[in-house]
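One letter stands for each residue in the lines below.
2 protein chains.
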Amino acid sequence: MANQQLTNLPEWNSLCEHAETMKSEDMHLKHLIVEKERLQNFSLKGGGIFFDFSRQRVNEKTMALLFQLAETLGVTSRFRDMTLGAEVNVTEKRAALHTAARRFSNSPLLLDGKDIMNDINSVRDQIRIFSRKIHHGEIKGSTGKPFKHVVVIGIGGSYLGTEFVANALAPMADKGITLHFLSNVDIDNFGSIISSIDPETTLWIVISKSYTTPETCANENQAVEYMKANGLDPSHHLVTVTSKGSPGDDPTKPVLATFHMFDYIGGRYSVTSAVGGVPLSIFLGYDRFERFLKGAYEMDQHAVEAPLRENLPLTATLISIWNNNFLGYSNQAIIPYASALSKLAPHIQQLSMESNGKSVTKDGEFLEITTGVIVFGEPGTNAQHSFFQLAHQGRPFPIDFIGVLRPTYGEYRAKTKGVTNHQELWANLISQPMALAMGKEDEDAARFFPGNRPSSTILLEDLSPENIGRLLAFYEAKTVFEAFIWDINPFDQFGVEPGSEKRWPQKMRMRNTNSTV
Amino acid sequence: MANQQLTNLPEWNSLCEHAETMKSEDMHLKHLIVEKERLQNFSLKGGGIFFDFSRQRVNEKTMALLFQLAETLGVTSRFRDMTLGAEVNVTEKRAALHTAARRFSNSPLLLDGKDIMNDINSVRDQIRIFSRKIHHGEIKGSTGKPFKHVVVIGIGGSYLGTEFVANALAPMADKGITLHFLSNVDIDNFGSIISSIDPETTLWIVISKSYTTPETCANENQAVEYMKANGLDPSHHLVTVTSKGSPGDDPTKPVLATFHMFDYIGGRYSVTSAVGGVPLSIFLGYDRFERFLKGAYEMDQHAVEAPLRENLPLTATLISIWNNNFLGYSNQAIIPYASALSKLAPHIQQLSMESNGKSVTKDGEFLEITTGVIVFGEPGTNAQHSFFQLAHQGRPFPIDFIGVLRPTYGEYRAKTKGVTNHQELWANLISQPMALAMGKEDEDAARFFPGNRPSSTILLEDLSPENIGRLLAFYEAKTVFEAFIWDINPFDQFGVEPGSEKRWPQKMRMRNTNSTV
Numbered sequence: 000m001a002n003q004q005l006t007n008l009p010e011w012n013s014l015c016e017h018a019e020t021m022k023s024e025d026m027h028l029k030h031l032i033v034e035k036e037r038l039q040n041f042s043l044k045g046g047g048i049f050f051d052f053s054r055q056r057v058n059e060k061t062m063a064l065l066f067q068l069a070e071t072l073g074v075t076s077r078f079r080d081m082t083l084g085a086e087v088n089v090t091e092k093r094a095a096l097h098t099a100a101r102r103f104s105n106s107p108l109l110l111d112g113k114d115i116m117n118d119i120n121s122v123r124d125q126i127r128i129f130s131r132k133i134h135h136g137e138i139k140g141s142t143g144k145p146f147k148h149v150v151v152i153g154i155g156g157s158y159l160g161t162e163f164v165a166n167a168l169a170p171m172a173d174k175g176i177t178l179h180f181l182s183n184v185d186i187d188n189f190g191s192i193i194s195s196i197d198p199e200t201t202l203w204i205v206i207s208k209s210y211t212t213p214e215t216c217a218n219e220n221q222a223v224e225y226m227k228a229n230g231l232d233p234s235h236h237l238v239t240v241t242s243k244g245s246p247g248d249d250p251t252k253p254v255l256a257t258f259h260m261f262d263y264i265g266g267r268y269s270v271t272s273a274v275g276g277v278p279l280s281i282f283l284g285y286d287r288f289e290r291f292l293k294g295a296y297e298m299d300q301h302a303v304e305a306p307l308r309e310n311l312p313l314t315a316t317l318i319s320i321w322n323n324n325f326l327g328y329s330n331q332a333i334i335p336y337a338s339a340l341s342k343l344a345p346h347i348q349q350l351s352m353e354s355n356g357k358s359v360t361k362d363g364e365f366l367e368i369t370t371g372v373i374v375f376g377e378p379g380t381n382a383q384h385s386f387f388q389l390a391h392q393g394r395p396f397p398i399d400f401i402g403v404l405r406p407t408y409g410e411y412r413a414k415t416k417g418v419t420n421h422q423e424l425w426a427n428l429i430s431q432p433m434a435l436a437m438g439k440e441d442e443d444a445a446r447f448f449p450g451n452r453p454s455s456t457i458l459l460e461d462l463s464p465e466n467i468g469r470l471l472a473f474y475e476a477k478t479v480f481e482a483f484i485w486d487i488n489p490f491d492q493f494g495v496e497p498g499s500e501k502r503w504p505q506k507m508r509m510r511n512t513n514s515t516v
Numbered sequence: 000m001a002n003q004q005l006t007n008l009p010e011w012n013s014l015c016e017h018a019e020t021m022k023s024e025d026m027h028l029k030h031l032i033v034e035k036e037r038l039q040n041f042s043l044k045g046g047g048i049f050f051d052f053s054r055q056r057v058n059e060k061t062m063a064l065l066f067q068l069a070e071t072l073g074v075t076s077r078f079r080d081m082t083l084g085a086e087v088n089v090t091e092k093r094a095a096l097h098t099a100a101r102r103f104s105n106s107p108l109l110l111d112g113k114d115i116m117n118d119i120n121s122v123r124d125q126i127r128i129f130s131r132k133i134h135h136g137e138i139k140g141s142t143g144k145p146f147k148h149v150v151v152i153g154i155g156g157s158y159l160g161t162e163f164v165a166n167a168l169a170p171m172a173d174k175g176i177t178l179h180f181l182s183n184v185d186i187d188n189f190g191s192i193i194s195s196i197d198p199e200t201t202l203w204i205v206i207s208k209s210y211t212t213p214e215t216c217a218n219e220n221q222a223v224e225y226m227k228a229n230g231l232d233p234s235h236h237l238v239t240v241t242s243k244g245s246p247g248d249d250p251t252k253p254v255l256a257t258f259h260m261f262d263y264i265g266g267r268y269s270v271t272s273a274v275g276g277v278p279l280s281i282f283l284g285y286d287r288f289e290r291f292l293k294g295a296y297e298m299d300q301h302a303v304e305a306p307l308r309e310n311l312p313l314t315a316t317l318i319s320i321w322n323n324n325f326l327g328y329s330n331q332a333i334i335p336y337a338s339a340l341s342k343l344a345p346h347i348q349q350l351s352m353e354s355n356g357k358s359v360t361k362d363g364e365f366l367e368i369t370t371g372v373i374v375f376g377e378p379g380t381n382a383q384h385s386f387f388q389l390a391h392q393g394r395p396f397p398i399d400f401i402g403v404l405r406p407t408y409g410e411y412r413a414k415t416k417g418v419t420n421h422q423e424l425w426a427n428l429i430s431q432p433m434a435l436a437m438g439k440e441d442e443d444a445a446r447f448f449p450g451n452r453p454s455s456t457i458l459l460e461d462l463s464p465e466n467i468g469r470l471l472a473f474y475e476a477k478t479v480f481e482a483f484i485w486d487i488n489p490f491d492q493f494g495v496e497p498g499s500e501k502r503w504p505q506k507m508r509m510r511n512t513n514s515t516v
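If you read the protein sequences in the order shown, they are chains A and B.
No gaps in the numbering here: position 92 of the first sequence is 91 in numbering that gives the first Met the number 0, and each next residue is one more.
No gaps in the numbering here: position 233 of the second sequence is 232 in numbering that gives the first Met the number 0, and each next residue is one more.
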C-alpha cells in the first residue's frame with residue numbers, strides 16, 4: 000500500500016472532509032467534552048492501563064472513520080504478523096521481533112524454521128545467573144572486590160530505554176549498585192563518571208549490536224586505558240552485549256561475559272532484550288526485570304488480540320494520525336505527572352522520531368504527507384512552570400498526560416492548605432487538561448485562553464515494574480502502528496548514516512587536526 | 000507598535016516577498032554555503048563567543064532586510080532602555096532589570112530615584128559571606144555538624160537556570176557539597192532525595208519570589224516535617240530566597256538567612272540573582288559565581304553596545320524570526336556537543352516558551368503572526384543517535400549547535416582509529432551541520448537526503464564560569480529581542496495562571512478526595 004494509494008483511499012478523503020467540520024467553532028473542545036457520557040465513550044482500559052482520550056478533538060464520526068481506515072489498511076494483522084516473524088523490516092530484509100524478547104509462552108516461535116525462543120530463553124537464563132553471581136560477590140573485580148558501580152557504555156537505543164526504566168524503578172534498587180551511563184563521545188561524559196566511581200569495584204557493560212559504533216568503541220578504549228592505569232585487568236571488569244561473532248564477541252579478547260543481541264531486534268526497541276536486561280538485572284535484580292518483561296508482554300498481547308475499537312495503542316495511534324495529518328499539529332508532548340518518569344520523553348523521542356521521521360514508504364516511494372512529529376516533554380508539574388505558557392496561549396500542541404494513582408513514597412503525607420503533595424499533584428493533573436481544552440474568556444486579551452488544545456491522559460496504578468513494561472510496550476506498539484498506517488518502515492534508520500559514514504568526518508578531521516581542537 | 004503595524008511595515012512585506020525567492024531550488028543551502036567567503040560574511044565574534052550562521056537559509060539581501068526591520072523597530076534602543084530601568088513589563092507595571100544582577104559598574108542605576116545597585120551589591124555581599132561561612136563550617140546544622148548536602152526547593156524559574164549552571168560547572172564543585180533539586184510537588188521527588196541525603200548535614204534553600212508557589216510551599220512543609228521527625232531544628236537548616244516582606248521573610252519564623260529577590264527580576268531571568276547565587280555559591284564557591292556573572296555582564300554590554308550588524312544576540316534573533324515567521328519553522332532544537340550542557344535546552348525551553356509563547360502584543364492586541372517556537376534538545380552526539388533520523392529525513396527544524404573548543408577532562412586522550420574522543424566529537428559537530436545543509440542525492444529514495452536544513456553553530460573556548468555566563472546572557476538577550484520585534488511582553492506569564500488559580504484545582508480536588516488518590 001503506497002502513499003498515493005493511502006491518500007487516494009476513500010477513508011482518507013472522508014477524513015480530510017470531516018476534518019474541516021471538526022475545525023469549526025461548534026466543534027471546539029469546550030462543547031465536545033461536556034457531552035453526555037463523553038468520558039465513557041472516549042476512554043479505554045486494557046493491557047493493564049487506562050487511556051482517556053475524551054479531550055481529543057474527535058467525535059463518534061471521527062473515530063468511526065479512523066477505525067475504518069485502520070481496518071482497510073489491515074494494520075492489526077500486520078502487527079500480528081510482525082510478532083510472528085514476518086520480514087517487516089523490508090529494507091534490511093529482517094523480521095522485527097522485539098516482542099519475542101518478552102514473550103512468555105510455551106509455544107515455539109519459528110524464524111527460518113528455527114525456534115528463536117531457545118536463544119531468547121537462554122540469554123534470559125544467562126542474565127539471571129550472572130546478575131545473581133554479581134550480587135552474591137561470586138564474580139569480582141581483578142583485585143578481588145565485589146562490584147558496586149556499573150557503567151553502561153552505549154548510545155541511542157543501547158542507552159535511552161535502559162535509562163528510562165532504571166530511573167522509573169530506582170526506588171527498588173536495593174543491590175548496593177550505582178548505575179552510570181557513558182553514552183556521549185564527549186570526553187567530559189567519561190571524566191565526570193570516573194570522578195564519581197571507584198575503579199576496583201566498577202563493572203563496565205559495553206553495548207553495541209555491531210560493536211563498531213564509534214562513540215561506544217572510543218569510550219570502551221578510554222575505560223580500558225583507565226583500568227590499566229589503575230593496575231586492573233580489564234578482562235575482569237568488562238561485559239559485552241553484542242551480536243554473535245561481532246568484535247565484542249571475540250574469544251581472543253576475554254571478558255567476564257558476553258550476552259547476545261539478535262538482528263531481529265532493533266536498538267530503539269531493545270530495552271526488553273539483553274540491552275536492558277543485563278544492566279537492569281544487576282541494578283534491580285533479575286526478578287524485577289522479568290516482572291517488567293511480563294508487563295510489556297501483557298500489552299503486546301492486548302495490541303495483538305484486542306478488537307480494533309478496544310485496542311489502546313491502536314486508538315492512540317489513530318488519534319496521533321488525526322492530529323498530525325488532518326488537524327496539522329507537528330509536535331507531541333509527553334508530560335508524566337511523576338518525577339520517576341523523567342526519562343520517558345527522551346526515550347520516546349528516540350523511539351518515535353528515529354522510527355517514523357521518514358519521507359518514503361517501505362517500498363521506496365516518496366510520501367506526500369508528513370510522518371513523525373517532534374516529541375518532547377518534561378514531568379509535570381515542572382512543565383507547567385516551564386513551557387505551559389506557550390501550551391495555553393501560544394502555538395498549540397497535543398499532549399499525553401500520564402498519571403500514577405499510587406506514588407512510591409506515599410508515606411510522606413504532610414498537608415499544605417489541607418492537601419498532601421500527591422493530592423496537589425493530582426489536582427494539577429486533572430485541571431491542566433481541562434483548562435487546555437476549555438479555555439477561558441476574558442475581556443483582557445492577555446488573560447484570554449483560546450482552549451481547544453487536545454490531550455490524552457494515561458493512568459497507571461503505580462510505578463511497578465509491570466506498569467513500566469506496559470507503558471513501554473504501549474508506546475512501542477503505537478510507534479509501529481503509526482508506521483503501518485503510513486506504510487513506512489519503522490525499523491531502519493538510513494537518516495542516521497550521515498553521522499556514521501566517514502565521508503564527511505574524515506574530510507573534516509583533516510581540518511580539525513589543524514585547528515586548536 | 001502593534002501587530003497590524005508590524006505586518007504592514009514595508010520591511011515586513013519585503014521580507015515576505017523575499018522569502019518566496021529564498022524557497023526556490025536555486026537558494027538551496029547546498030548552493031549558498033559554497034559561496035566565496037560565506038563563513039566570513041555570515042559569522043560574528045563578540046561578547047566572548049563565536050556565532051556561525053553561514054548554514055542558515057539567508058543571503059546578503061535577507062540580512063539587509065532583517066537588519067532594516069530591527070532598525071525601524073528600534074529594538075536595540077528598547078533593549079538599552081530595559082537595562083536602564085524602563086517599565087518594559089507593561090502589563091505588570093515593572094522594570095525588567097535582570098541585567099542589573101550582573102552589573103559591575105561604579106555608576107548608579109536609578110529606579111524610581113533610588114540606586115538599586117546598593118540592594119544588589121548588598122545581596123551579593125551577603126551571599127559571599129554566607130557561603131564562605133558554610134564552607135568554613137562556621138554555620139552548622141542544629142546538631143553541630145557542617146553542611147554536606149544542599150536541597151534547592153523551587154520550581155520553574157527558581158530551579159531550571161540553577162540546574163543548568165550547576166551541571167555545566169559541576170567539575171569545579173570542590174566544596175564537598177552535593178546539590179539536589181526538589182522542584183516537583185510529586186512526593187516521589189521528595190522521597191528520592193531524602194533517600195540519598197543525611198538530614199543532619201543538609202541545608203534546604205527555599206526559593207520563591209512570592210513564597211506562595213504551591214509546589215514550593217508543599218515541599219517546604221514536607222522538609223520541615225522530615226527535619227522534625229529526625230529531631231532537628233528546622234530554623235538551623237533552612238535558608239530562604241524571596242521578596243522582602245513575603246511569608247518567607249517573616250522574623251517570627253526564623254531561618255539561617257533570608258536573601259532578597261526584587262520585583263524587577265522575573266523568575267526565568269533570575270539565575271544571576273540570589274536565586275542562582277545562593278545555591279551556586281555554596282556549591283561552587285562565590286568567586287566562581289561572580290566569574291559567571293562577569294561573563295553574563297560582558298554579553299549584556301555587547302548586546303547593548305554592538306552595532307546592529309555586529310550584534311550576536313540580535314543577529315540570532317533576526318534569524319529566528321526569519322525561520323519562524325517567513326520560512327515557517329515551528330521548532331528550534333538546541334544541541335550542545337558537550338555533556339555538561341545537558342540542562343541548557345530545558346532552561347532555554349522555559350526561558351523562551353514562557354517568555355514568548357503568547358498571542359497578544361504588550362498593548363493587548365491579538366497577533367496575526369505566530370510567536371514563540373517549541374524549543375527542545377539533547378546533547379550531541381547523543382542526539383544523532385536519537386532524533387537526527389527525523390532531522391535529516393523527516394520534518395525539518397532549525398538547530399543551534401554548540402561547540403566547546405577545550406573540554407574539561409581533556410587529559411584523557413586514548414585514541415580510537417587514530418583520534419581522541421574530543422576529535423571524534425568535533426568531527427561529528429562539523430559534519431552534521433554540513434550534512435543537514437548539503438543533503439545527499441541517492442537513487443534509493445530511502446537513502447536520499449533533501450538537505451536545506453538550517454543551523455547555526457555557537458562556539459565557546461571552554462566551560463569556564465565566564466563562558467556559561469556569556470551563553471546564558473546570549474539566550475536571554477535573544478529572547479528579549481524576539482519579543483521586542485513582535486511587540487509582546489516577554490516578562491509576564493498569564494498563561495501559567497490556569498495552573499495556579501484555584502478555580503479548577505479546587506473543584507477537582509473535591510472529586511479527587513473521593514477517589515483512591
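Keep in mind that the hints were calculated from the coordinates and are not lab data.
On a predicted model such as this, the values are computed, not experimentally measured, just so you know.
Glycine included, each C-beta is placed from N, C-alpha and C at the ideal position.
Hints may be right or wrong, so weigh each one.
[Claimed, not checked] Below, a list of computed lysine to aspartate or glutamate pairs in the DMTMM-like style, where the Cα atoms sit at most 20 Å apart: (1) B/K60 to B/E309; (2) A/K92 to B/E442; (3) A/K227 to B/E410; (4) A/K293 to A/E24; (5) A/K60 to A/E24; (6) B/K416 to A/E460; (7) A/K416 to B/D249; (8) A/K29 to B/E496; (9) A/K44 to A/E460; (10) B/K22 to A/E224; (11) B/K416 to A/E224; (12) A/K439 to B/E364; (13) A/K22 to B/E367; (14) A/K414 to B/E224; (15) A/K147 to A/D197.
[Stated by the list, open to error] Chain A residues, not near chain B, derived (Cβ > 12 Å throughout): (16) N105; (17) K293; (18) V359; (19) K416; (20) H421; (21) R446.
[To be verified] From the structure, some residues in chain A lie toward chain B, with a derived Cβ separation under 8 Å: (22) I32; (23) C216; (24) L389; (25) H391; (26) N420.
Going down the list of hints, with the structure as the test:
no.	hint	in the structure
1	B/K60 to B/E309	holds, 16 Å
2	A/K92 to B/E442	holds, 19 Å
3	A/K227 to B/E410	holds, 16 Å
4	A/K293 to A/E24	violated, 45 Å
5	A/K60 to A/E24	holds, 17 Å
6	B/K416 to A/E460	violated, 49 Å
7	A/K416 to B/D249	holds, 19 Å
8	A/K29 to B/E496	holds, 18 Å
9	A/K44 to A/E460	holds, 12 Å
10	B/K22 to A/E224	violated, 51 Å
11	B/K416 to A/E224	holds, 15 Å
12	A/K439 to B/E364	holds, 17 Å
13	A/K22 to B/E367	holds, 18 Å
14	A/K414 to B/E224	holds, 10 Å
15	A/K147 to A/D197	holds, 8 Å
16	N105	holds, 36 Å
17	K293	holds, 23 Å
18	V359	violated, 4 Å
19	K416	violated, 8 Å
20	H421	violated, 5 Å
21	R446	violated, 5 Å
22	I32	violated, 13 Å
23	C216	holds, 5 Å
24	L389	holds, 2 Å
25	H391	holds, 4 Å
26	N420	holds, 4 Å
Checked against the numbered hints given earlier, this structure breaks hints 4, 6, 10, 18, 19, 20, 21 and 22; the rest are met.
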